[in-house]
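Enquirer: Sequence:
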Amino acid sequence: MILFNDRFVSKEEVHVSMDDRGYYFGDGIYEVFRIYNGILFEKEAHLERLTRSAEAVRIPLPCSLTELERRLERLVALNGINEGTLYMQITRGEAKRAHPFPEDTKPVLTGYCTEVTRPMKAMMEGITAVTLPDIRWLRCDIKSLNLLPNILAKQEAVELGRGEAILHRDGIVTECSASNIMIVKKGTIYTHPANHYILHGITRALILKLAEEASIKVMEQTFSLDELYGADEAFICGTTVEITPIISVDGQPVGNQWDKLKLGEPGETTEVAHVSQPGMITRTLQTALSRYIGISN
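According to the numbering used here, the sequence shown is numbered sequentially starting from 507.
Hints were generated in silico from the structure; no laboratory data involved.
Do not rely on the hints blindly, as some may be mistaken.
Said to hold, decoys possible - With a straight-line cut-off of 25 Å between C-alpha atoms, the simulated BS3-like cross-links for lysine-lysine are:
#: 1; residue 1: K692; residue 2: K549
#: 2; residue 1: K715; residue 2: K692
#: 3; residue 1: K723; residue 2: K692
#: 4; residue 1: K612; residue 2: K517
#: 5; residue 1: K627; residue 2: K612
#: 6; residue 1: K602; residue 2: K627
#: 7; residue 1: K691; residue 2: K723
Claimed, not checked - Derived DEER-like restraints, expressed as beta-carbon distance ranges:
#: 8; residue 1: C569; residue 2: H605; range: 23 to 33 Å
#: 9; residue 1: E609; residue 2: G586; range: 38 to 48 Å
#: 10; residue 1: G693; residue 2: H605; range: 22 to 32 Å
The beta carbon of each residue, even a glycine, is placed where N, CA and C say it ideally should be.
Taking the hints into account, I'd like the entire structure generated from these sequences.
Expert: Right, dumping it as structure tokens:
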């Protein structure tokens with residue numbers, strides 16, 4: 507079932523006008539909720555961010571937050587999703603194509619659920635990443651539909667065989683194409699401040715809370731590409747990736763916790779490569795997050 511404004515309909519019954527401003531301009535906002543055990547995870551935080559985004563782009567919510575919450579929970583129940591995601595978006599609505607806000611239009615709300623399992627392999631083994639210039643606009647804190655720069659970065663990472671693209675502005679790391687990033691140096695976590703250069707990730711905020719509870723020092727301050735290359739640990743975080751270690755950046759292993767891969771017969775092995783291993787703080791936070799969710803790794 508699909509949520510279409512105030513109705514729950516089949517996919518075939520959803521008809522969005524080609525004059526919808528989301529189609530023309532990307533004039534809209536969205537949220538992605540994680541579903542664990544049939545429950546919307548960190549629901550209040552997502553709705554709060556949705557409200558911030560709506561206010562920033564001056565799109566009125568189509569209903570009260572209480573009613574929106576009721577519709578989203580009903581959508582999960584109707585689809586019988588136990589583990590997955592709920593995607594929802596609100597566009598400014600339907601109007602003749604023109605840049606100024608239309609005077610008389612109603613926001614269009616759509617939402618749907620998808621079964622998605624936890625990315626256990628990536629979380630246990632880690633991913634590789636590539637660094638790319640951050641070419642996005644200067645209001646990355648707004649969760650808008652304008653994601654073309656993110657898509658281009660992600661596609662380049664995919665074509666290079668990497669799991670994620672790490673973005674930077676003139677050598678200062680901001681975030682990734684579809685996630686936030688944190689590094690660890692000498693037992694301290696570093697993450698870009700939650701300003702207009704990054705999306706204020708729900709999982710990011712939760713990790714900071716869990717780190718504090720675990721007595722792990724956190725510094726919300728910028729760090730450079732060189733500091734990323736020299737980090738002891740690095741990981742991405744987000745609604746669908748949870749906490750996923752980064753084991754190499756631009757072909758360089760992260761940290762000094764390496765295992766040497768050797769080829770050849772016993773006693774005649776030749777070192778051919780290094781493989782970085784996810785670090786202790788990353789593992790500690792993964793465990794803490796799983797406990798918070800109420801799921802065992």
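Enquirer: Which numbered hints does this structure break?
Expert: Violated: hints 1, 5, 6, 10.
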